[in-house]
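Asker: Listed below, chain by chain, are the residues.
Protein chains: 4
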Amino acid sequence: MDYIFELPFKVRDYECDIQGIVNNSVYQNYLEHTRHEFLEEVGLNFTQMHDDGVDAVVIRIEIDYKFPLRSGDQFLSKLYVAREGKLKYIFYQDIYRVSDNKPIIKAKVIATTINAQSGRPVFAEQLAEVFDRYL
Amino acid sequence: MDYIFELPFKVRDYECDIQGIVNNSVYQNYLEHTRHEFLEEVGLNFTQMHDDGVDAVVIRIEIDYKFPLRSGDQFLSKLYVAREGKLKYIFYQDIYRVSDNKPIIKAKVIATTINAQSGRPVFAEQLAEVFDRYL
Amino acid sequence: MDYIFELPFKVRDYECDIQGIVNNSVYQNYLEHTRHEFLEEVGLNFTQMHDDGVDAVVIRIEIDYKFPLRSGDQFLSKLYVAREGKLKYIFYQDIYRVSDNKPIIKAKVIATTINAQSGRPVFAEQLAEVFDRYL
Amino acid sequence: MDYIFELPFKVRDYECDIQGIVNNSVYQNYLEHTRHEFLEEVGLNFTQMHDDGVDAVVIRIEIDYKFPLRSGDQFLSKLYVAREGKLKYIFYQDIYRVSDNKPIIKAKVIATTINAQSGRPVFAEQLAEVFDRYL
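Residue numbers (numbering that gives the first Met the number 0), protein chains in the order written: chain A, 0 to 134; chain B, 0 to 134; chain C, 0 to 134; chain D, 0 to 134.
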């Protein structure tokens, strides 16, 4: 896999739950933040898109939890992308622990673009161009 | 689908993000709370299991996001269960908006049981018995 | 203290941290949700106010943490209100564990109203009227 | 004020709420993470202390909200410390926006140390020594 973007993180204690490990839902926060930072780096602003009337929304997520992160762990959140049809944008997102490169989660996130008012699917040329650069 | 458990919720404002809708990661909180309430109802206590040395951990989650919940929406979180092999426990979890029964998300959550110290897979008779009651 | 509103809650496991108790920040979620439910009950809608160009914002919060809530605890979140000057709205918010009425936190939350665009203080007649009903 | 520690952050979109600003409760996450990073830097490990039977717990927090952070804002979370009596540890914690040094919040956090089992106050020599270094 040729990752096209990566972002370093460190687990914060409040992200851990009773089991002493990062709560499953928190990984979606990590993944979302990584996607938004990637989109910002390539010149797309999530908030700006919303103000322009287009929301990028996740329609499906698959996460394999391989090994839990613990308090203080440093990790890299990496991604590469694909497209499916005219309206589906796929993010493959994997997280690795820094200390030993151990795979933590493997995720596939499928997003599409909708009109912020109506909720109807709408083609977002700007986003498609960004993806096509990497395919 | 014959659901075996359901739990009513109401969206709280702090669960909504800039787009004015419930953030994707929050649905995992709803799903987790629903599973724990179900397990408690059938006599299993998540915290107690942990203290007894067994952690039930999610190893894979698939969520289809059908339609977003908004501030103040009331919804029902429903589930039914299945088993796969000796060590996999499957929760099928769907969320419906109360006002019109609209499907919001459909999720499949695969859990297994591990030794809380070693992280090794371990058979949890108590949990298997609960699941077998419904199959 | 004559409370004018109360809301029942139950601690969800994902709200607890490594120490096995509800994380301090989560109480602010409880307090916020309680205020919004109170305002909705008396006919004010937080999201509607925002769409109308007025944001109610918290400018100061004081919380005394008396005793921690744990997984599964049921509690009541209660409040009464006061005003200070033309622009300050004070919520006194206390949380009690249901099983033994034990005080969990005592909080004082000071809010004001601002123009959603400019951020400038603005008098919100609707909100003032609600508060004055209880004074 | 002579700050003794500072930590850089960047607002993540999922930390923002319907108003488009960082939710009030999230600042407590920032403050907690800053304290833990500070304690780790000076050789104290929050999780380790817990495993050793001592929990540092917050007993009171006061936060003045000066100006809201928005999506993508970079900020510095700074702190200095004080002691009060034998058992109270005070963190003064301020957050500034990086772009213009604008004060965002000013907080005073009072912590104490308790026995992790009994919940009784207990003197934590290790923590006291750390604080005394800075007074």
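Honestly, I wouldn't trust all of these hints.
Copies of the same chain look alike in the list, so a pair counts if it works inside one copy or between any two.
[To be verified] Within a straight-line C-alpha distance of at most 16 Å, the following computed EDC-like cross-link-like pairs (lysine to aspartate or glutamate) qualify:
1) Lys107 - Asp63
2) Lys77 - Glu124
3) Lys105 - Glu61
4) Lys87 - Asp63
5) Lys77 - Asp63
By construction, these hints were calculated from the structure, which means they are not laboratory data.
Asker: Look at each hint and say if it fits the structure.
Answerer: Now the hints, each set against the structure:
1. Lys107 - Asp63: both (9 Å within a copy, 12 Å between copies)
2. Lys77 - Glu124: Result: close neither inside a copy nor across copies, 24 Å intra and 38 Å inter.
3. Lys105 - Glu61: Both: 8 Å inside a copy, 12 Å across copies.
4. Lys87 - Asp63: between (21 Å within a copy, 14 Å between copies)
5. Lys77 - Asp63: Within one copy, since 15 Å is at most 16 Å while 22 Å is not.
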